[in-house]
Amino acid sequence: MLLISRRFGIFLAALALVWATAIHAQSSHRTAMGFTPWPVDFNEDGLKRTYAFARAHSNLMAHHFDGGIPWDEARAGSELPRHLRQDWARRLANTPPSSKVFVAVTPLNFERDGLALAWTDRGDNRPLPRAWRNRALNDPAVKAAYLNYVRRVIRAFDPDYLAIGIEANIIISNAPGLWNDYLELHAYVYRAIKRENPRLPVFATVQYEHLRGIEDASKRNLRFQQPAVAALMRSSDILALSTYRYGSLHPNPMGPRYFDVARTFGKPIAIAESGAMSEDVRIFGTRLPASEALQAEFIEGLLRHATAGRFPFVVNWVAIDFTPGLRRLPRSVREIAKAWVHTGLQSADGRDKPALGVWNAYLARSRP
Numbered sequence: 164m165l166l167i168s169r170r171f172g173i174f175l176a177a178l179a180l181v182w183a184t185a186i187h188a189q190s191s192h193r194t195a196m197g198f199t200p201w202p203v204d205f206n207e208d209g210l211k212r213t214y215a216f217a218r219a220h221s222n223l224m225a226h227h228f229d230g231g232i233p234w235d236e237a238r239a240g241s242e243l244p245r246h247l248r249q250d251w252a253r254r255l256a257n258t259p260p261s262s263k264v265f266v267a268v269t270p271l272n273f274e275r276d277g278l279a280l281a282w283t284d285r286g287d288n289r290p291l292p293r294a295w296r297n298r299a300l301n302d303p304a305v306k307a308a309y310l311n312y313v314r315r316v317i318r319a320f321d322p323d324y325l326a327i328g329i330e331a332n333i334i335i336s337n338a339p340g341l342w343n344d345y346l347e348l349h350a351y352v353y354r355a356i357k358r359e360n361p362r363l364p365v366f367a368t369v370q371y372e373h374l375r376g377i378e379d380a381s382k383r384n385l386r387f388q389q390p391a392v393a394a395l396m397r398s399s400d401i402l403a404l405s406t407y408r409y410g411s412l413h414p415n416p417m418g419p420r421y422f423d424v425a426r427t428f429g430k431p432i433a434i435a436e437s438g439a440m441s442e443d444v445r446i447f448g449t450r451l452p453a454s455e456a457l458q459a460e461f462i463e464g465l466l467r468h469a470t471a472g473r474f475p476f477v478v479n480w481v482a483i484d485f486t487p488g489l490r491r492l493p494r495s496v497r498e499i500a501k502a503w504v505h506t507g508l509q510s511a512d513g514r515d516k517p518a519l520g521v522w523n524a525y526l527a528r529s530r531p
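Residue 483 in this note's numbering is what sits at position 320 of the sequence shown, and the numbering runs on without skipping anything.
Bear in mind the hints are in silico, worked out from the structure with no lab data behind them.
Heads up, simulated DSBU-like pairs for lysine-lysine below, C-alpha to C-alpha not over 35 Å straight-line:
hint: 1; residue 1: Lys430; residue 2: Lys263
hint: 2; residue 1: Lys211; residue 2: Lys263
hint: 3; residue 1: Lys263; residue 2: Lys357
hint: 4; residue 1: Lys306; residue 2: Lys382
hint: 5; residue 1: Lys501; residue 2: Lys430
hint: 6; residue 1: Lys501; residue 2: Lys382
hint: 7; residue 1: Lys306; residue 2: Lys263
hint: 8; residue 1: Lys211; residue 2: Lys501
hint: 9; residue 1: Lys430; residue 2: Lys382
hint: 10; residue 1: Lys306; residue 2: Lys357
hint: 11; residue 1: Lys357; residue 2: Lys430
hint: 12; residue 1: Lys306; residue 2: Lys430
hint: 13; residue 1: Lys501; residue 2: Lys263
Pairwise CB distance ranges (calculated):
hint: 14; residue 1: Pro416; residue 2: Arg285; range: 37 to 47 Å
hint: 15; residue 1: Pro452; residue 2: Asp379; range: 15 to 25 Å
hint: 16; residue 1: Arg358; residue 2: Ala319; range: 12 to 22 Å
hint: 17; residue 1: Thr449; residue 2: Asn360; range: 36 to 46 Å
hint: 18; residue 1: Glu347; residue 2: Arg293; range: 21 to 31 Å
hint: 19; residue 1: Arg420; residue 2: Arg248; range: 43 to 53 Å
hint: 20; residue 1: Ala299; residue 2: Arg445; range: 31 to 41 Å
hint: 21; residue 1: Arg445; residue 2: Asp515; range: 24 to 34 Å
hint: 22; residue 1: Arg426; residue 2: Gly286; range: 38 to 48 Å
hint: 23; residue 1: Asn288; residue 2: Asp321; range: 18 to 28 Å
hint: 24; residue 1: Pro452; residue 2: Asp515; range: 21 to 31 Å
hint: 25; residue 1: Ala350; residue 2: Ala319; range: 17 to 27 Å
Every residue gets a Cβ at the ideal spot worked out from N, C-alpha and C, and that includes glycine.
With the sequences and hints as input, model every part of the structure.
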């Protein structure tokens, strides 16, 4: 079975190279391709290995901040927490000058049902200070603080692409009553940033499985998803999608009509985060079947769509399987993290998967 999987991967890589060459001959457009620096293990060696892999196999670095906002410091314009400054410094030091940079920040918490938690000297996702606990998303203080924070992110990272919201439409699934407040905050920050940086693409990312009703949580409010995203697109330069293949729990194979819903919004499409598992896992007792062949098939289809559709960028969220790091995560998040643990293009023990051959074939055509 392993031999068949590897041969299938070689076949897909060859097919991808032929396709990419044909497309390149027709157009000078290049889709940037990259990863987040989510580490194979949560230590210095794990970070170094992940950054080295990303530098070798990408031309875009995705810095994804879903750990809260330093609300007090952002509002006051004072020095940011040391923990956050160290994180930024590490990322900047490991981002090649030649790479495109995609930065994503969000005023929403991880559950997408309220205000983001606090990033403090003690770390990310800390409890909100008392003054912020009951503030609405469109509260004037939230607007001012978040805009100040986004400005500081831009000064620090000088991004080529900027998301000011992450998977924003999940609010429709989890807390639809907050949507209008969020939309007001988003539009306020978008307008201000575009006045100051007119050439910078600014947007919020959209979770594609919620938009299409594949995720169970989205089904009860599904009729509101497309109108909500349409409203969001009035203040977004790109429809940047979060989309994953998870197997039988939420079947989502990459096919020729995969992006039909996305195209209805009339915006350039990008992939802010994606991935496909390469081996089975059990999450909360439910088996998610996967294979390296299916992962390679998903990656090949995604990149074929991206090249033909002239997507500005594609991010495979995990570079290397983080099996060693999974054991270090708190038990409360470990089970959920299993859904991403094998979405890397290299195994934790250093073996390149067939999907990496597919990825590299397209990457070779996306580089100048």
